[in-house]
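Work out the full structure: start from the sequences and follow the hints.
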Amino acid sequence: MRFSVKTGAPLLAMALALTACGTSGGDDEEASGSGGEAGTCEDVAIGYFGALTGSAANLGINIRNGVQLAVDQFNEENADCQVALEEYDSAGDPNQATGLATQAIGDDSVIGIVGPAFSGESDTAGPIFSEGGLPTISASATNPDLSTNGWDTFHRVLGNDASQGPAAASYIADVLKSEKVFVVDDASAYGAGLAEIVEESAGDAVVGTDTIQTGQTDFSATVTAIRSSGADSVFFGGYYAEAGLLVQQMRGAGVEATFVVADGVKDPAASSRPPATPPRAPSSPAPASPRRRARTSTPPSRTLSAPRRRPTRPRPTTLPT
Amino acid sequence: MLQGILEGNTDRESLLEWINDYEGEGITKSIKFDENGEPENISVWAYKVENGEIVADQEIETD
Chain A
12 MRFSVKTGAP
22 LLAMALALTA
32 CGTSGGDDEE
42 ASGSGGEAGT
52 CEDVAIGYFG
62 ALTGSAANLG
72 INIRNGVQLA
82 VDQFNEENAD
92 CQVALEEYDS
102 AGDPNQATGL
112 ATQAIGDDSV
122 IGIVGPAFSG
132 ESDTAGPIFS
142 EGGLPTISAS
152 ATNPDLSTNG
162 WDTFHRVLGN
172 DASQGPAAAS
182 YIADVLKSEK
192 VFVVDDASAY
202 GAGLAEIVEE
212 SAGDAVVGTD
222 TIQTGQTDFS
232 ATVTAIRSSG
242 ADSVFFGGYY
252 AEAGLLVQQM
262 RGAGVEATFV
272 VADGVKDPAA
282 SSRPPATPPR
292 APSSPAPASP
302 RRRARTSTPP
312 SRTLSAPRRR
322 PTRPRPTTLP
332 T
Chain B
19 MLQGILEGNT
29 DRESLLEWIN
39 DYEGEGITKS
49 IKFDENGEPE
59 NISVWAYKVE
69 NGEIVADQEI
79 ETD
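Protein chains in written order, with this note's numbering: chain A, 12 to 332; chain B, 19 to 81.
No lab work stands behind these hints: they were computed from the structure. Where hints are given, some of them may not hold.
[Stated by the list, open to error] What follows is a set of in silico ranges between Cβ atoms, one per label pair, in the way DEER data are often shown:
#	chain 1	residue 1	chain 2	residue 2	range
1	A	263	B	39	47 to 55 Å
2	A	188	B	31	51 to 59 Å
3	B	43	A	215	36 to 44 Å
4	A	211	B	50	27 to 35 Å
5	A	238	B	45	25 to 33 Å
6	B	38	A	222	36 to 44 Å
7	A	185	B	41	29 to 37 Å
8	B	68	A	106	34 to 42 Å
9	B	54	A	211	17 to 25 Å
10	B	45	A	235	39 to 47 Å
11	A	90	B	29	16 to 24 Å
12	A	264	B	52	43 to 51 Å
[Claimed, not checked] Computed footprint of chain A on chain B; a stretch qualifies when at least three of its residues, placed anywhere within it, have a C-beta under 8 Å from a C-beta of chain A:
#	region
13	19-25
14	28-35
15	51-57
16	60-72
[Unchecked claim] In silico SDA-like cross-links for lysine to any residue, where the CA-CA straight-line distance does not exceed 25 Å:
#	chain 1	residue 1	chain 2	residue 2
17	B	66	A	221
18	B	66	A	214
19	B	50	B	32
20	B	47	A	159
21	B	50	A	141
22	B	50	B	77
23	B	50	B	63
24	A	191	A	243
25	A	188	B	69
26	B	66	A	266
27	A	188	B	77
28	A	191	B	68
29	A	188	A	215
30	B	66	A	181
Bear in mind that the values here come from a model prediction, so they are computed numbers and not experimental data. Quick reminder that beta carbons are idealized off the backbone N, C-alpha and C, glycines included.
The following block contains the structure:
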């Protein structure tokens with residue numbers, strides 16, 4: 012996968028372990044099916060479900076933009092089968108996800124969902140989608156338990172944390188040659204679950220653990236604990252907003268342990284300077300889900316509108332997936 | 019999902035069935051779901067931040 016990212020950020024010894032995402036393709040096979048199904052696509056929509064606002068919004072915005080691109084290209088190629096895109100902005104909040112899932116179930120035109128993006132919201136929305144028979148495919152929710160609830164509608168296209176966690180641990184041991192690992196998690200369904208697996212996989216190499224909260228901005232206690240442990244690597248299970256602040260505060264305190272994270276942190280915002288204002292907590296209210304017809308293309312600037320980057324800093328030219 | 023819709027699966031039940039039977043090439047790997055909705059093919063890659071840029075490092079073996 013090729014991408015180019017320029018954040019102008021100082022060098023961080025930060026490594027990221029994550030699963031390369033896949034997509035349901037079939038792009039070149041569509042031609043054979045077009046033309047023969049005229050009229051059957053009337054009032055049909057797919058939904059994007061996940062954060063478009065909140066502290067980890069960039070992860071969701073990238074996915075939404077990918078869905079938007081696919082729908083736009085599809086509609087351009089299939090004049091007689093126009094598919095709409097509905098957006099369900101959960102702000103990444105499990106509590107908001109239930110109402111939004113119910114809303115999606117109530118819209119008969121919505122027959123498939125890309126998402127939910129995060130594990131916590133997948134956990135609360137999953138039973139509702141299953142009950143309503145609405146198929147979902149997540150590009151990013153990695154909590155292993157999500158696929159074991161008997162939800163017929165659940166799918167994801169990336170390896171769960173039972174594959175990512177051990178991979179991160181083996182990277183720490185075999186590539187970084189680290190024998191002292193400090194494990195931090197953000198208490199979320201995603202971060203805590205992943206950190207627990209890394210901790211188990213790393214075994215005796217774990218010299219300490221700590222838990223922070225999403226929305227937290229002062230990590231001095233955690234940094235002190237890391238320093239005291241003598242760790243030469245730190246694994247953080249969580250999202251990019253807290254990760255960026257944590258690693259910056261580690262470096263500011265002279266702690267040079269290698270910082271290892273997973274795909275919840277794979278956003279340029281993690282390695283750029285923190286925002287002037289603290290990140291918003293995921294519980295910030297979500298705006299009403301906008302109903303947009305998919306034929307309206309998204310302005311390219313939306314991909315680059317990372318909301319919390321300083322305007323004077325260079326923008327990423329392409330966001331990795 | 020779009021391909022499934024194009025093939026005439028324009029309600030939830032038939033689209034779900036279509037997804038469950040799906041097998042195809044994505045951008046980075048082939049996609050097929052097992053009975054729990056997990057992908058059959060899994061790959062984990064490491065990236066590192068160098069001079070502020072996220073660059074691919076290496077694939078990590080998974081069991």
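Hints versus structure:
no.: 1; hint: 263/A - 39/B: 47 to 55 Å; verdict: 53 Å, holds
no.: 2; hint: 188/A - 31/B: 51 to 59 Å; verdict: 52 Å, holds
no.: 3; hint: 43/B - 215/A: 36 to 44 Å; verdict: 42 Å, holds
no.: 4; hint: 211/A - 50/B: 27 to 35 Å; verdict: 29 Å, holds
no.: 5; hint: 238/A - 45/B: 25 to 33 Å; verdict: 42 Å, violated
no.: 6; hint: 38/B - 222/A: 36 to 44 Å; verdict: 38 Å, holds
no.: 7; hint: 185/A - 41/B: 29 to 37 Å; verdict: 33 Å, holds
no.: 8; hint: 68/B - 106/A: 34 to 42 Å; verdict: 39 Å, holds
no.: 9; hint: 54/B - 211/A: 17 to 25 Å; verdict: 21 Å, holds
no.: 10; hint: 45/B - 235/A: 39 to 47 Å; verdict: 43 Å, holds
no.: 11; hint: 90/A - 29/B: 16 to 24 Å; verdict: 22 Å, holds
no.: 12; hint: 264/A - 52/B: 43 to 51 Å; verdict: 45 Å, holds
no.: 13; hint: 19-25; verdict: holds (count 7)
no.: 14; hint: 28-35; verdict: holds (count 6)
no.: 15; hint: 51-57; verdict: holds (count 5)
no.: 16; hint: 60-72; verdict: holds (count 13)
no.: 17; hint: 66/B - 221/A; verdict: 24 Å, holds
no.: 18; hint: 66/B - 214/A; verdict: 24 Å, holds
no.: 19; hint: 50/B - 32/B; verdict: 17 Å, holds
no.: 20; hint: 47/B - 159/A; verdict: 24 Å, holds
no.: 21; hint: 50/B - 141/A; verdict: 20 Å, holds
no.: 22; hint: 50/B - 77/B; verdict: 21 Å, holds
no.: 23; hint: 50/B - 63/B; verdict: 19 Å, holds
no.: 24; hint: 191/A - 243/A; verdict: 6 Å, holds
no.: 25; hint: 188/A - 69/B; verdict: 22 Å, holds
no.: 26; hint: 66/B - 266/A; verdict: 18 Å, holds
no.: 27; hint: 188/A - 77/B; verdict: 17 Å, holds
no.: 28; hint: 191/A - 68/B; verdict: 23 Å, holds
no.: 29; hint: 188/A - 215/A; verdict: 14 Å, holds
no.: 30; hint: 66/B - 181/A; verdict: 15 Å, holds
The structure fails to meet hint 5 from the earlier list, while all remaining hints are met.
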